[in-house]
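J.: Below, each chain spelled out in residue letters.
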Amino acid sequence: MIRLERVSKRFPGGGEGLREVSLRAEAGELVFLTGHSGAGKSTLLKLIGLLERPTRGQVLVDGRNVGRLPDRQIPAYRRQVGMVFQDHKLLADRSVHDNVALPLVIAGVGAREIGRRVRAALDQVGLLARERHLPVTLSAGEQQRVGIARAIVNRPKVLIADEPTGNLDPELSLEIMLLFRRLNAVGVTMLIATHDLALIGSLGARQVALSGGRVITDSRGAP
Amino acid sequence: MNPARWLQRHLQTALGTLGTLSRQPVATGLTVLVIGMALALPAALHVLVQNARLAAGSFEDVRDFSAYLAQGTALVQAEALARELEARDEVGAVTLISAEDALEELRADPGIATLILALERNPLPHTLVIRPAEGLDNAAIQALADSLGPPVEMVRLDMDWLGRLAALFDVLRRAVLLAMLLLVSAVVIIIGNTIRLEIQNRRQDIEVMKLLGATDGFVRRPFLYLGLWYGLLGGLVALIVLLTGLAALGGPLDRLAALYGSGLRLTGLDGRTALGLLLCSLAAGTGGALLAVSRHLAAIQPRV
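For the record, the sequence lines run as chains A and B.
Numbering of the first sequence is given in our numbering, commencing with residue 95 and proceeding in unit increments.
Numbering of the second sequence is given in our numbering, commencing with residue 57 and proceeding in unit increments.
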């Protein structure tokens, strides 16, 4: 589903994000990217979300070379990738329901279908009762679950999450990670960046460690 | 996307932005008022010039001219000439003032009456007062005057005055056009700036939407509708200001007109002007928004 072939990313300032990274994630696989900050986890996710383009190498998602995708096709591509952010990036002046509905509104889905799918997504993250609330009235963990509901509402094949538990205490973090694993069970390919090794150790998922822009260990072995 | 869905999205955005505006009534009200006043001014000037032209048009006798017949022309001959002229297309009406009538009129003036008593014979000629047909321009009136041969001896046509009046209106019209251009540009800038601020305020929302795969068109649409609403509401304010102003002027002007014994009336705002004003403000609003959007929206790219 996701394939990186000798991908390098060099930033205009001269900083190096990734060096010759090759990685392969099969459909429905859950992969944790670990490493210290600056190791290249975020850069790798940005290449998949097309927030950055690779300097060298190929990034293939679902068989498409996304690094070469023309600018005007980026929006349509992003609609097929669910993204979860450390600061969840919810719109403060819209209700939980409207936040989760946003990807569907952008995609031009009909109103009735939106209502149905938003409730289904909120049900999956256990926040159906908070549909009408504003994000600020929710706890940090709940806000992140809204962010996850928004990422899955459009039924993406690929979901990427950058430090989704970065702002949460251990208990909530585990809750979020278990939620990811549950969602992964329905077949979404997931790439989750985190520096919290203790947290994911118990989950038994594949771990890819990055350091200095290179893959140093991969719990599944060489790609 | 099918047309119904497309229409639904636009309708949703249109209503949604209207909701956004209504949630901040003070800011919206101020912006709309500024736009309305800026638009009311050129519209008022336009109405003023329109009225002035109508008023000038109502002094129809300024276009009348007199043709003096040669001394000794018989009255029957003058009457025949009057009928003959009246039959021509470019002539509206002909009034014959016979030499006797003219003298009689002068006798009514006590100052001149004694002078006239001293005259042996009537020195006055028969006169034809010719009113050109409606819609005849100055050149055609001049041509009509030139075409009159004997027994017409002399034609008095105040062409200079007509020319000056026309030139004055040309200047006025041009001035109003310039004022309109300036003030409509001001409205475009006001709306453009308002939209620019709105874009800055919504920067984070825009980033999130782009992250979620929103196209530029999707992001742009609410801002364009915002400009459109500003334009439309501003245009309505301008209309209200204008109608109020005209109503306030109406009474005193009627009295003034009555004092001068003229049928002069304020014509007020005709439908075409009102429609033009609204269309103009709509265009200015959308144009301003388009300007702001094209300059500032592309610069916002999501960063994580």
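There could be a bad hint or two in this list.
Unchecked claim - Derived CB-CB ranges, DEER-like: (1) B:272 <-> A:275: 34 to 44 Å; (2) A:230 <-> B:67: 27 to 37 Å; (3) A:207 <-> B:260: 22 to 32 Å; (4) A:222 <-> B:301: 52 to 62 Å; (5) B:67 <-> A:171: 20 to 30 Å; (6) A:207 <-> B:59: 10 to 20 Å; (7) B:68 <-> A:166: 48 to 58 Å.
Don't read these hints as lab results, they were simulated from the structure.
For each residue, glycine too, the CB sits at the ideal point set by N, CA and C.
J.: In this structure, is the beta-carbon distance linking residue 207 of chain A and residue 59 of chain B contained in 10 to 20 Å?
T.: holds, 18 Å
J.: Per the hint of 22 to 32 Å, is the separation of the Cβ atoms of residue 207 of chain A and residue 260 of chain B within bounds?
T.: holds, 27 Å
J.: Please test the hint of 48 to 58 Å on the beta carbon pair from residue 68 of chain B and residue 166 of chain A.
T.: violated, 24 Å
J.: Taking the CB of residue 67 of chain B and the CB of residue 171 of chain A, does the distance hold inside 20 to 30 Å?
T.: 28 Å Cβ-Cβ, so the 20 to 30 Å window holds.
J.: Quick check: does the Cβ-Cβ distance between residue 222 of chain A and residue 301 of chain B fall within 52 to 62 Å?
T.: holds, 57 Å
J.: Hint says 34 to 44 Å; check whether the CB-CB distance for residue 272 of chain B and residue 275 of chain A agrees.
T.: Hint holds: Cβ distance 36 Å, inside 34 to 44 Å.
J.: Look at the Cβ atoms of residue 230 of chain A and residue 67 of chain B and judge whether their distance stays inside 27 to 37 Å.
T.: Holds, since residue 230 of chain A and residue 67 of chain B (Cβ atoms, about 30 Å apart) stay within the stated range.
This entry does not satisfy hint 7, going by the numbered hints stated previously; all others are met.
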